[in-house]
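Can you build the whole structure from these sequences, using the hints too?
Spelled out, the chains give:
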Amino acid sequence: AQSVSQHNHHVILSEAASLELGCNYSYGGTVNLFWYVQYPGQHLQLLLKYFSGDPLVKGIKGFEAEFIKSKFSFNLRKPSVQWSDTAEYFCAVNNNAGNMLTFGGGTRLMVKP
Amino acid sequence: DGGITQSPKYLFRKEGQNVTLSCEQNLNHDAMYWYRQDPGQGLRLIYYSQIVNDFQKGDIAEGYSVSREKKESFPLTVTSAQKNPTAFYLCASSISVSQHYEQYFGPGTRLTVT
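Residue numbers (this note's numbering), protein chains in the order written: chain A, 1047 to 1159; chain B, 567 to 680.
For the record, the hints were derived by calculation from the structure and aren't laboratory data. All of these numbers come straight from a predicted model, not from anything done at the bench. Take the hints with a grain of salt, since some may be wrong.
List of simulated lysine-lysine pairs, DSBU-like, C-alpha gap at most 30 Å [as the list claims (entries may be wrong)]:
no., chain 1, residue 1, chain 2, residue 2
1, A, K1115, A, K1158
2, A, K1107, B, K575
3, B, K575, A, K1095
4, B, K575, B, K636
5, B, K649, B, K580
6, B, K623, B, K575
7, B, K580, B, K623
8, A, K1095, B, K637
9, A, K1158, A, K1095
10, A, K1107, A, K1095
11, B, K575, B, K637
12, A, K1095, B, K623
13, B, K636, B, K649
14, A, K1158, B, K636
15, B, K649, B, K575
Here it is, written out as structure tokens:
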């Protein structure tokens, strides 16, 4: 069975700091990778996704993620965070068996103004 | 306005009672899903449905039941057999169960059982 690990459970940053959230998965075959964000009181929404092609994926709100197949990783990055980025971030993976997403445990990001 | 609605937002029940959570979508999506969210554990799949009148168990289906009588609706019943029902429940939908379609999520229902 596949699994997804997010090693940072809580991250606190000041505005303008750079962000990198780790995501590692265990499945050895072809995967599709997602980052979702849950702002306080709002729906879970898609930040970005990787299906194939360029391993550096650009998403909304200045976020990007890089798929490194050899490291089974899909880390999320943002060069300069804002207070409005305070949220919980989830990495998710599915494989060729279908659209059953396996989620990581989530990372709570707090950005101090 | 297209989207997924879940009602109610907050639900309180006494232990031993069954409770049904509503999920409706007007996105014309074929596939629908139920997840449970617990702190530090991310989201875990309870049940999913690819088409009307068909559904499959996810990773943590014990103590839950679903129905899919209409394309738009996928209600989840939390039965008294579910040992730890207090959680945040999220419904999602996608165009199909094909892995190339992203899932869209509803606002969730927070269930508290005492």
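Problem - Numbers of unmet hints, in rising order - result: Hint check: 1, 14 fail, others pass.
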